[in-house]
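So the sequence lines, in the order shown, correspond to chains A and B.
First residue of the first sequence? That's 1 in full-length UniProt numbering, and the numbers climb one at a time after it.
First residue of the second sequence? That's 1 in full-length UniProt numbering, and the numbers climb one at a time after it.
No lab work stands behind these hints, which were simulated from the structure alone.
Only true hints are included.
A short list of chain A residues far from chain B (calculated; beta carbon distances all over 12 angstroms): (1) Leu28; (2) Asp121; (3) Arg135; (4) Asp148; (5) Gly179; (6) Ser197; (7) Thr220; (8) Pro242; (9) Ala247; (10) Asn259; (11) Val264; (12) Thr275; (13) Pro280; (14) Gly290.
Within a straight-line C-alpha distance of at most 20 angstroms, the following computed SDA-like cross-link-like pairs (lysine to any residue) qualify: (15) B:Lys62 with A:Glu77; (16) B:Lys3 with B:Leu303; (17) A:Lys3 with A:Asp89; (18) B:Lys62 with A:Gly49; (19) B:Lys3 with B:Asp88; (20) A:Lys3 with B:Gly75; (21) B:Lys208 with B:Pro280; (22) B:Lys3 with A:Ile4; (23) A:Lys208 with A:Val177; (24) A:Lys208 with A:Arg115; (25) A:Lys146 with A:Asp187; (26) A:Lys62 with B:Phe73; (27) A:Lys62 with B:Ala46; (28) B:Lys159 with B:Ala170; (29) B:Lys208 with B:Arg123; (30) B:Lys3 with B:Lys62; (31) B:Lys3 with A:Glu77; (32) A:Lys3 with A:Gly98; (33) A:Lys3 with A:Glu99; (34) A:Lys62 with B:Gly75; (35) A:Lys3 with B:Tyr70; (36) B:Lys3 with A:Val76; (37) A:Lys3 with B:Glu8; (38) A:Lys3 with B:Ile4; (39) A:Lys3 with B:Gln80; (40) B:Lys208 with B:Ser279.
Quick caveat, the model's predicted, so the values are computed rather than measured.
Positions of the beta carbon are idealized from the N, C-alpha and C atoms, including for glycine.
Number of protein chains: 2
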Amino acid sequence: MAKILRDEDLVDGALMTVAIDALETAFLARAGNRLISPPRHHVSFADRGDLVFTVGGILGDKPLAGFRVYETFEGVEHSQIVAVWSADDARLKGIVLGERLGNLRTGAIGGLAIRHLSAPDARTVGILGSGAQARTQLAAAAAVRKLDRARVYSRDEEKRTAFASEMQHALDIEVEVAGSAIEAVDDADIVICATTSQTPIVHAGDLKPGAHVNTVGPKTHRGYELGLDIADAAAVIATDSPEQTRAYASPFFLAGSGNDSRMVDLADIIAGKATGRRSPEDTTLFCSVGLAGTEVVVASAILDML
Amino acid sequence: MAKILRDEDLVDGALMTVAIDALETAFLARAGNRLISPPRHHVSFADRGDLVFTVGGILGDKPLAGFRVYETFEGVEHSQIVAVWSADDARLKGIVLGERLGNLRTGAIGGLAIRHLSAPDARTVGILGSGAQARTQLAAAAAVRKLDRARVYSRDEEKRTAFASEMQHALDIEVEVAGSAIEAVDDADIVICATTSQTPIVHAGDLKPGAHVNTVGPKTHRGYELGLDIADAAAVIATDSPEQTRAYASPFFLAGSGNDSRMVDLADIIAGKATGRRSPEDTTLFCSVGLAGTEVVVASAILDML
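So that you can see chain A by itself, here it is in the shape it has in the complex (with noise of 0.2 angstroms):
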């Protein structure tokens, strides 16, 4: 029988490291043009709102087919569903529903760049935000590397100071508060930009060498929360969908800087049909964008799980 799970179901630390093992999977079968990810599909309800759709699947030997729906009505009380079928035997293997998995799976990509591009030495994160996304981020380098410390900033200080209580005890690492941005990635060997701030909160020369950055908030031409000059100094920038960079209404932020052309797929890198970090002083660059189609994949693993 279909098996069911909710919000209060994913509580498992042991989930970020499943979510991101299964979206390596995926990024490879990405590389591979196995990874089943079509354009989302809106239906309109008149002035009430969409339901937006976005399949996904995964061809080959363990073949998965599934979609997230979500809607855009007017209400404090949101809902997505997550569904997903093994595509070999027609098994519908579960229903995700609630807002979770999908932090999990944006947390998780996250980590999956990190995997691939940061030192594999790396013992630092530098945390710019405090809300669901910086969580899911740290809790994410925390399960690909073997972190000492994380330093974290937002503009509200109590925001912050609960942030960094709460991971400290969830993820076991010492967890400080910085006053500034400046300060909270000074001595970072990982930058987790996790903002809504549509004006650059941190730029090229407040970053160490050799520093891996992952942008998760907004990165367009209407504003985005990086320096334009980190992207400069990178020597690798990825991105985890090259389409839904060109796709933004507003142009990616990297539009016409020159920097645009040379972003490589993470897919690609993880597949070594690109090149990621060359030496430990390379400034890296990650673009999260939330590639469609792998909700249905990190699911599949947690219902394998639980």
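Here the structure of chain A is known, so what remains is to put chain B in place on it, guided by the hints.
Frame of chain A; chain B shown alone:
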């Protein structure tokens, strides 16, 4: 918290009446252009099969939105998912899994046709076919007319005998087994044709004057279960979806017969915008094709009830 219902939850005998009444609301919404029913959306997973989405909903006072999804993968265990939101507050009302809702929906559409097209004093039913659709069609007829007796015929004697005893018990009316199709419909005020036959098994001359006929089985040029002379004899020919009758790969069985142009939308009959039965002697014909979007409306009513 969103309700999850499965086939085993959908056993209450009152569900059919709830489904028919919900569909009456949906058909009135359709007549008023408030039923959302876009074309199906197929996503292919290469040679494994497709996911097929049917989105649907109702606009107006208590707007509903949702979808049904099914797959065409190879396997023995298949699962449909229907999800419903109330579109005014973005609340996920629930999810219905399994096959039963779809059968209930198709049965209830047949019941709605019987309610609005058969003679108000219809007492007897002739059923051709003894599968799941025949069961729900008879249950639907019993929900809208005060029946004395039903008579069933299908090719497999064991199946028709099982059908008769099972339905007699379930509906508390006399259900007899007939030795032929002609014997089953001979004296019937209501004829339900729910077979897989590609050649006509009943003709106009077999029917009692004033009979109402539901055809649920094959009805394309490639094969059809009803004699074309039944359409010739019918004073009213209705369908739940004129669009769908024009969208079959093989043309609709009435295409080119001259009768297709006088086919009316059941929604318009229900709303009083088209003429239905005018006399006790009228033969009436309902061609059930499965109006898209209505699963969502039935699921919503069931989620409210259970």
